[in-house]
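Below, each chain spelled out in residue letters.
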Amino acid sequence: MLLRLIKSLVILLCMTILYLAIFFGLKITLGQSDEWVLLVLLNQDFVTQDDLQANLQFAEELLGEIDILALVLLSISAVASFVWLVFANLIRVSRPGIAKRYIWVWLVGIGIGCFASIFYSAYFAFEVTDLISTSMRSMFPAMGALVFIAGYTVFGTFFATPKLMRPAVPIISILFR
Amino acid sequence: MTESYLIGIGGSGSKCVESFVHLCAAGLGPENVSIGLVDQDQSNGNVAKTKQTTTKYLSTREKVRSLDADTVGSNCSYLKTAIDFPDNGSVWCPLPGTAKTIDELFGYDSLSDELQGLMDCLYHRRIEQQLPLDEGFRGRPSLGAVTVLSQAIEGQTFWDNLFSKIDSAKSGREVRIFLVASIFGGTGASGFPSIARRIRNYLEDQGISNVYISGALFLPYFDYSKPEDENGDNETVVHSQVFLEQAQGALYYYEKMFEREHVFDNLYFVGWDPLIKVKNGGLGGNQQRNPPLLPEFYASMAALEFFQSPEIPKSPVYQIGRKSEKLMTWEDFPTLCGSEEDLQNNLGQMVRFCIAFKYIYSPHLKRDRWKDISGEEWFKKHIKRLGVDLDDDAPQAAIEALEDYTNEFLLWLSSMIYASSTETFLVELFDVHHFASHSPDHPTNSSQLHERLTGQQTQSFGSLVTGIVTPSLGKVFEEMTYNKRIKDGRGLGEFVSALYSSSHV
Numbered sequence: 003m004l005l006r007l008i009k010s011l012v013i014l015l016c017m018t019i020l021y022l023a024i025f026f027g028l029k030i031t032l033g034q035s036d037e038w039v040l041l042v043l044l045n046q047d048f049v050t051q052d053d054l055q056a057n058l059q060f061a062e063e064l065l066g067e068i069d070i071l072a073l074v075l076l077s078i079s080a081v082a083s084f085v086w087l088v089f090a091n092l093i094r095v096s097r098p099g100i101a102k103r104y105i106w107v108w109l110v111g112i113g114i115g116c117f118a119s120i121f122y123s124a125y126f127a128f129e130v131t132d133l134i135s136t137s138m139r140s141m142f143p144a145m146g147a148l149v150f151i152a153g154y155t156v157f158g159t160f161f162a163t164p165k166l167m168r169p170a171v172p173i174i175s176i177l178f179r
Numbered sequence: 123m124t125e126s127y128l129i130g131i132g133g134s135g136s137k138c139v140e141s142f143v144h145l146c147a148a149g150l151g152p153e154n155v156s157i158g159l160v161d162q163d164q165s166n167g168n169v170a171k172t173k174q175t176t177t178k179y180l181s182t183r184e185k186v187r188s189l190d191a192d193t194v195g196s197n198c199s200y201l202k203t204a205i206d207f208p209d210n211g212s213v214w215c216p217l218p219g220t221a222k223t224i225d226e227l228f229g230y231d232s233l234s235d236e237l238q239g240l241m242d243c244l245y246h247r248r249i250e251q252q253l254p255l256d257e258g259f260r261g262r263p264s265l266g267a268v269t270v271l272s273q274a275i276e277g278q279t280f281w282d283n284l285f286s287k288i289d290s291a292k293s294g295r296e297v298r299i300f301l302v303a304s305i306f307g308g309t310g311a312s313g314f315p316s317i318a319r320r321i322r323n324y325l326e327d328q329g330i331s332n333v334y335i336s337g338a339l340f341l342p343y344f345d346y347s348k349p350e351d352e353n354g355d356n357e358t359v360v361h362s363q364v365f366l367e368q369a370q371g372a373l374y375y376y377e378k379m380f381e382r383e384h385v386f387d388n389l390y391f392v393g394w395d396p397l398i399k400v401k402n403g404g405l406g407g408n409q410q411r412n413p414p415l416l417p418e419f420y421a422s423m424a425a426l427e428f429f430q431s432p433e434i435p436k437s438p439v440y441q442i443g444r445k446s447e448k449l450m451t452w453e454d455f456p457t458l459c460g461s462e463e464d465l466q467n468n469l470g471q472m473v474r475f476c477i478a479f480k481y482i483y484s485p486h487l488k489r490d491r492w493k494d495i496s497g498e499e500w501f502k503k504h505i506k507r508l509g510v511d512l513d514d515d516a517p518q519a520a521i522e523a524l525e526d527y528t529n530e531f532l533l534w535l536s537s538m539i540y541a542s543s544t545e546t547f548l549v550e551l552f553d554v555h556h557f558a559s560h561s562p563d564h565p566t567n568s569s570q571l572h573e574r575l576t577g578q579q580t581q582s583f584g585s586l587v588t589g590i591v592t593p594s595l596g597k598v599f600e601e602m603t604y605n606k607r608i609k610d611g612r613g614l615g616e617f618v619s620a621l622y623s624s625s626h627v
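Each protein sequence line maps, in turn, to chains Z and W. Just so you know, we're using the working numbering here: the first sequence kicks off at 3 and counts up by one. Just so you know, we're using the working numbering here: the second sequence kicks off at 123 and counts up by one.
For the record, the hints were derived by calculation from the structure and aren't laboratory data. Note that the Cβ used here is the ideal one computed from N, Cα and C, for glycine as well. Where hints are given, some of them may not hold.
[Claimed, not checked] The following label-pair restraints were derived from C-beta to C-beta distances: (1) Val85/Z / Arg607/W: 31 to 41 Å; (2) Cys16/Z / Thr576/W: 51 to 61 Å; (3) Phe89/Z / Glu453/W: 53 to 63 Å; (4) Ile114/Z / Tyr604/W: 29 to 39 Å; (5) Phe26/Z / Ser188/W: 38 to 48 Å.
[As the list claims (entries may be wrong)] As a list, the in silico DSSO-like pairs of lysine-lysine whose alpha-carbon atoms are at most 30 Å apart: (6) Lys399/W / Lys102/Z; (7) Lys502/W / Lys399/W; (8) Lys401/W / Lys165/Z; (9) Lys173/W / Lys102/Z; (10) Lys165/Z / Lys503/W; (11) Lys445/W / Lys102/Z; (12) Lys606/W / Lys9/Z; (13) Lys173/W / Lys165/Z; (14) Lys493/W / Lys173/W; (15) Lys503/W / Lys9/Z; (16) Lys178/W / Lys445/W; (17) Lys378/W / Lys165/Z; (18) Lys178/W / Lys165/Z; (19) Lys503/W / Lys488/W; (20) Lys9/Z / Lys597/W; (21) Lys436/W / Lys399/W; (22) Lys165/Z / Lys488/W; (23) Lys401/W / Lys173/W; (24) Lys165/Z / Lys29/Z; (25) Lys445/W / Lys165/Z; (26) Lys102/Z / Lys493/W; (27) Lys606/W / Lys165/Z; (28) Lys102/Z / Lys502/W; (29) Lys502/W / Lys9/Z; (30) Lys102/Z / Lys606/W; (31) Lys9/Z / Lys445/W; (32) Lys399/W / Lys9/Z; (33) Lys401/W / Lys378/W; (34) Lys506/W / Lys488/W; (35) Lys102/Z / Lys597/W; (36) Lys493/W / Lys609/W.
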């Protein structure tokens, strides 16, 4: 049991690193596209026609703040995944048909995580920073939820949930036929 | 390869055969064995029960060990023994057909006065000469002996089967024949030496040397109150009070037999003191269905020892005893072919498998339920990916057969333990109350299996085998989920093999 828990947590750690790598890879790719950041993401109130250097500075500042948001969202995913994996590894499943009964725990995990991610993303977009463009601001809660769901499901639980408890994770049995 | 032949004679003999079949199911038997039953009482409940058990064994074995579709694989010991028990000729009734009497058998009315007088001296005119023999010999070996010896055996399928096995010794193959019967009572006591002698005579006539004959004889081991027949008459019923006297006379007879002639290569004697109280022995017919008892289990172990020991045990007479008067534990069993733990391990594994299958896994394999658990790893690994479709008739028939035999085995085990225990004598082999209950009012002392297990009973799975702590149901489930597939298992047989292997002690 303990060995399986350790294995799950190692998988979670690896997935978190992969998640970070993907995120920062994506950020570097998009960040290099100054045009996209300046024209789409940055609040146009901070964009001036004559001072490109100042514009880039605002863009840098915004990307730095988004890093923090990403880390917070990743932390929420990691914590939710960790709690699920500890539960999934320590709960006694001694016979067929039992694991499915715990589907509600996984759903509670994704529910709380989604709520926290949406809440923090909205707080971030509307309260923490004013560098985000008005049109993009309203998309942040949804993006936060998506980032969390991707982290919790694909990176956190799909691969790390012990085989005994896979029936408690929706869709997983289709993936691991 | 050695040919093994087990012959159960009479009610006790057939009950011993039933124990033997269950031990074979637990992987303790030889690779193959032929089984024959002898009883004058064709409708005897004990014989019928043994036939039923053996048939269920064969039916289940056919479904999980067939070579084409489903097989448990070569390393699985579940139902390992190939039992030869043909529909035709596996049971020999010395006097088949309508209810004959000794009178009719010898044509008493047409005999001369001198012979009639001799008959009257040997057999009581009213009670014995006119006793219908279709329900056995009612504890009268003298009737049995004259009946068995008076019958021609040529052309009878039972004997043809036996002699064809014996004939294989001509090609250098070793043949071991084991007879089992009670020394008291009617059919067993008379048939045991008579049949052995017939076999020995055949061997001498054919000049065959590498055939060994052994047997187990039951000394009195049970006792019951006198039942009355339909007319309120119980004169013809076997009275257990006379068992001891009969046994004493018979032991004297066997002592002389060993001195004077070579019939048996060795013999095992099994007794029980004090006698086990059995509720109703019955007059005969299907009423005579006694619960399985521990001495029969001992005798079946003697057969296993005889069949599987590398060399024929040389001591002519074997005795088995237990350590305590009040308690029976695993330590009281003899070692089987040198391995002390085989019996406890194999039987323990068998019981754990049966309970896991009956109560935990089989309910989920029904047509209307399997889809609920089809996403579970153990199901995918051991059933789905092997191409088994539980909507098909064949796997459902196999599951039904497995359930049938599982019930048979658990009932046998629990009934044996309940019926052999008393207030002052405890049988501590398995905690059978976890899966069975016993009502003192039950007419045949048989136990009843629980419909389902409570949470506490499920948790007690690890302590079913008395004296050792075994892995829990959770551990079995883990092994089913994580262990590799059985290499050469196929179809539903692979699942059976995996569950059997995961149920280890």
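Tested hints:
1. For the pair Val85/Z and Arg607/W, the supplied restraint of 31 to 41 Å holds, since their beta-carbon distance comes to about 33 Å.
2. A hinted range of 51 to 61 Å for the beta carbons of Cys16/Z and Thr576/W is inconsistent with their spacing of about 43 Å.
3. Distance hint for Phe89/Z and Glu453/W: a CB-CB separation of about 44 Å, inconsistent with the stated range 53 to 63 Å.
4. A hinted range of 29 to 39 Å for the beta carbons of Ile114/Z and Tyr604/W is consistent with their spacing of about 30 Å.
5. One distance hint, 38 to 48 Å for the beta-carbon pair Phe26/Z and Ser188/W, is violated here, with the actual separation near 59 Å.
6. The straight-line distance between the Cα atoms of Lys399/W and Lys102/Z is roughly 50 Å, outside the 30 Å bound, and the hint therefore fails.
7. With a C-alpha separation of about 50 Å, the suggested pairing of Lys502/W with Lys399/W is violated against the 30 Å cut-off.
8. Taking the CA atoms of Lys401/W and Lys165/Z, the gap is about 52 Å. The hint is violated against a cut of 30 Å.
9. As the CA atoms of Lys173/W and Lys102/Z are separated by approximately 43 Å, the hinted pair breaks the 30 Å bound.
10. A threshold of 30 Å between alpha carbons decides the hint, and for Lys165/Z with Lys503/W the separation of about 11 Å falls inside it, so the pair holds.
11. Restraint check for Lys445/W and Lys102/Z: the C-alpha separation of about 50 Å exceeds 30 Å, so the hint is violated.
12. Only pairs whose Cα atoms come within 30 Å are accepted, and Lys606/W paired with Lys9/Z is accepted, the gap being roughly 18 Å.
13. The straight-line distance between the Cα atoms of Lys173/W and Lys165/Z is roughly 44 Å, outside the 30 Å bound, and the hint therefore fails.
14. A distance of roughly 37 Å separates the Cα atoms of Lys493/W and Lys173/W; the hinted pair therefore is violated under the 30 Å criterion.
15. Between Lys503/W and Lys9/Z the alpha-carbon distance is near 21 Å, which keeps this suggested pair within the 30 Å criterion.
16. With a CA separation close to 35 Å, the supplied pair Lys178/W and Lys445/W exceeds the 30 Å bound.
17. Distance hint between Lys378/W and Lys165/Z is unfulfilled; the C-alpha atoms sit about 68 Å from each other, more than 30 Å.
18. At most 30 Å may separate the alpha-carbon atoms for a hinted pair to count; Lys178/W and Lys165/Z exceed this at roughly 36 Å.
19. The suggested pairing of Lys503/W with Lys488/W holds, with an alpha-carbon distance near 18 Å, which does not exceed 30 Å.
20. Simply put, Lys9/Z and Lys597/W have alpha-carbon atoms about 18 Å apart, close enough for the 30 Å limit, and the pair holds.
21. Note on Lys436/W and Lys399/W: the hinted pairing is violated, with a Cα-Cα distance of about 34 Å set against a maximum of 30 Å.
22. With a C-alpha separation of about 23 Å, the suggested pair Lys165/Z and Lys488/W falls inside the 30 Å cut-off, and the hint holds.
23. Taken as a hint, the Lys401/W and Lys173/W pair is honoured in the structure, with Cα atoms around 23 Å apart against an allowance of 30 Å.
24. Our distance criterion of 30 Å between C-alpha atoms is broken by Lys165/Z and Lys29/Z, whose separation comes to about 34 Å.
25. Distance restraint check for Lys445/W and Lys165/Z: the Cα-Cα separation of roughly 48 Å exceeds the 30 Å cut-off, and the hinted pair is therefore not satisfied.
26. With a CA separation close to 12 Å, the supplied pair Lys102/Z and Lys493/W stays within the 30 Å bound.
27. For the proposed pair Lys606/W and Lys165/Z, the alpha carbon gap of about 13 Å is at most 30 Å, so the pair holds.
28. For the hint linking Lys102/Z to Lys502/W, the alpha-carbon distance of about 15 Å falls within 30 Å, and the restraint holds.
29. With a C-alpha separation of about 22 Å, the suggested pair Lys502/W and Lys9/Z falls inside the 30 Å cut-off, and the hint holds.
30. With a CA separation close to 23 Å, the supplied pair Lys102/Z and Lys606/W stays within the 30 Å bound.
31. Note on Lys9/Z and Lys445/W: the hinted pairing is violated, with a Cα-Cα distance of about 50 Å set against a maximum of 30 Å.
32. Taking the CA atoms of Lys399/W and Lys9/Z, the gap is near 58 Å; set against the 30 Å cutoff, the hint is violated.
33. Distance check on the hinted pair: Lys401/W and Lys378/W sit about 35 Å apart at the alpha-carbon level, beyond 30 Å; violated.
34. Using a Cα cut-off of 30 Å, the hinted pair Lys506/W and Lys488/W holds, with the two alpha carbons roughly 14 Å apart.
35. At roughly 18 Å between alpha-carbon atoms, Lys102/Z and Lys597/W fall within 30 Å of each other, so this suggested pair holds.
36. Restraint check for Lys493/W and Lys609/W: the C-alpha separation of about 26 Å stays at or below 30 Å, so the hint holds.
This entry does not satisfy hints 2, 3, 5, 6, 7, 8, 9, 11, 13, 14, 16, 17, 18, 21, 24, 25, 31, 32 and 33, going by the numbered hints stated previously.
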